[in-house]
Amino acid sequence: MTDPAAVVDVASLRLVFDGPPPLAVLDGVDLSVADGEFVSLVGPSGCGKSTLLRILAGLLAPTSGTARVHGEPVGVGRAAFMPQRDLLLPWRRALDNAALGADINGVPGAVARARAGELFGRFGLAGFERAWPSELSGGMRQRLALLRTFLLGRDVLLLDEPFGALDAITRRDMYAWLQQVWLADRRTVVFVTHDVEEAIYLSDRVLLLSPRPGRVVADIVVDTSRPRAPDVVTEPRFVAMKGTILAALEDSR
Amino acid sequence: MTVLTPRRAASSRAGARARAWLPPVLLLAALLGVWQGAVAIRNVPPYVLPSPARIAGAFVTARSLLPRDLATTTVEAVLGLVVGAGVGALLAGLVAAVPPVRRALYPLLVVSQTIPMIVLAPLLVLWFGYGITPKVVVVALIVFFPVVVSTVAALAGVDPELIDLVRSMGADRMTVLRMVLVPAAIPAFFAGLRISAAYAVAGAVVGEWVGAQSGLGIFIDRSKASFRIDRVFVAVVMVAVLSMALFAAVGAIGRMAAPWQHAAERGRS
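Keeping their order, the protein sequence lines are chains C and Y. When we follow numbering that gives the first Met the number 0, the leftmost residue of the first sequence carries the number 0, and every step to the right adds one. When we follow numbering that gives the first Met the number 0, the leftmost residue of the second sequence carries the number 0, and every step to the right adds one.
Pulled out of the complex, with its shape left as it was, chain C reads as follows (with noise of 0.2 angstroms):
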């Protein structure tokens, strides 16, 4: 299933870790994304979602297979990798966090971080600049950390369930200005998560896995137009399409 128009593309790909006893983690993983498309992985935990993300980022080797992004084999810094937890540097304030991708590729200084300050209005993060990430909330780290991964300039982005510890409220005011963020200059997202409500909320196709050995399962296009008013969870076909996944996820089990 190799789609050569695809940004990111990964074909019967299989990751087991050294026993004993060996334990498959990935086993036969077909996907491709589309150059701008919002894509979501959703399945049961240990299902390999964030370690086929970690693939994806360059930081595992699969142990057959293919992964590639803009027709290239995987490499650290190929893609704009987030992972689950906020992990900011607590030695650097707010900006220079920010700014961490462009220090490490050699940008100077002061343009990285004229380029930082710019987006931080738009990150609800105006006036936060030379904080402490200890004295940020925990809405606004992870803001900080998506704007950071904004910041590496990929177009690929590779979101390990950004919203996970945050709590419900916050986390629902998150995607909605996700997706406004994602609006502005919709770049080519591979999302992970447990959330199905979230996924649909924010994806173009929502990709299921089966538990592990993981592998896509399903394949479910929401196609309601966008942006998408927060009240869309309560309308009937996306009510119904959360059905849906759900009824294959415990299906898959």
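Source of the hints: derived by calculation from the structure; they are not laboratory data. Wrong hints could be hidden among the right ones.
As the list claims (entries may be wrong) - Output of the computed footprint for chain C on chain Y, the stretches with three or more beta carbons under 8 angstroms from beta carbons of chain C:
id, region
1, 91-100
2, 176-188
To be verified - Examples of chain C residues toward chain Y, derived with CB under 8 angstroms:
id, residue
3, Gly57
4, Trp90
5, Leu94
6, Asn104
7, Val106
For glycine and all other residues, C-beta sits at the position ideal for the given N, C-alpha and C.
Since the structure of chain C is already known, use the hints to place chain Y on it.
Quick look at chain Y alone, frame taken from chain C:
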């Protein structure tokens, strides 16, 4: 959590500081009072145990003698601290970076701390002469150990996901070291060094005892030889004051080097 206005917060902080200082000061005053009383009642001769008042008097008469010895000991202690901190940081980096080195070196480092300095000091004089070197070495030998232990623990405790994240952004090993490992180890390095600072002056005094031209250790030796026990106590007080000053100075430098720690502590309280 009560909300404090800045002014009230500041005054309550000053109050808290006073509350922290008051008990030890009162206890010390009480102990000195008992000491003074006991010496007077039992008529203890000053060459056995001088009274606190007599020691205070000795401070005044020794005023012109002390500065040179104090300066010598301060220089030895500070140099020893700097050398010990540097060696400690290097060893910590080595131990953390190369696991075989850790296994080989760690037991030896522990053994090095079991040798009493009073045994080692004469040998150091034999090897390095009567100058400042053996004293600096004694201090450095005392200082490096808490620094290594504390720094190695911090390096081992760095979140591997943090390193992965920085790597995913394209960082090589040197960049990971510079941007993650070094800053992550700074608070622990200074925590170790602060413990060391408390022992550094005592180390310098031991080094001087074995042979030196000047220093608080020499001052103590000379005073004892001429039965000026009051002056011995004067030197003891100076050792304590100097140790506390170094302890406070290292703490202050540590806070400057890791300003985010301060913010985190404020956030928690």
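Would you check chain C against the region 91-100 of chain Y, counting CB to CB pairs closer than 8 angstroms, and say if three or more residues qualify?
-> Violated: only 0 residues of the region 91-100 of chain Y have a Cβ under 8 angstroms from chain C.
Taking the closest Cβ pair, is glycine 57 of chain C under 8 angstroms from chain Y?
-> Hint holds; glycine 57 of chain C Cβ to chain Y Cβ min 7 angstroms, cut 8 angstroms.
Does the interface hint hold: is valine 106 of chain C within less than 8 angstroms of chain Y, judged Cβ to Cβ?
-> violated, 11 angstroms
Leucine 94 of chain C as an interface hint toward chain Y, with CB separation required under 8 angstroms | Since the shortest Cβ distance to chain Y is 14 angstroms, the answer is violated.
Satisfaction of the asparagine 104 of chain C interface hint, Cβ to chain Y closer than 8 angstroms = Since the shortest Cβ distance to chain Y is 6 angstroms, the answer is holds.
Answer holds if the nearest beta-carbon of chain Y is closer than 8 angstroms to that of tryptophan 90 of chain C; otherwise answer violated.
-> This interface hint holds because 4 angstroms falls under the 8 angstroms limit.
Mind checking, does the region 176-188 of chain Y have 3 or more residues with a CB under 8 angstroms from chain C?
-> Per the Cβ count (5), the hint holds.
In summary, the numbered hints that this structure violates are 1, 5 and 7.
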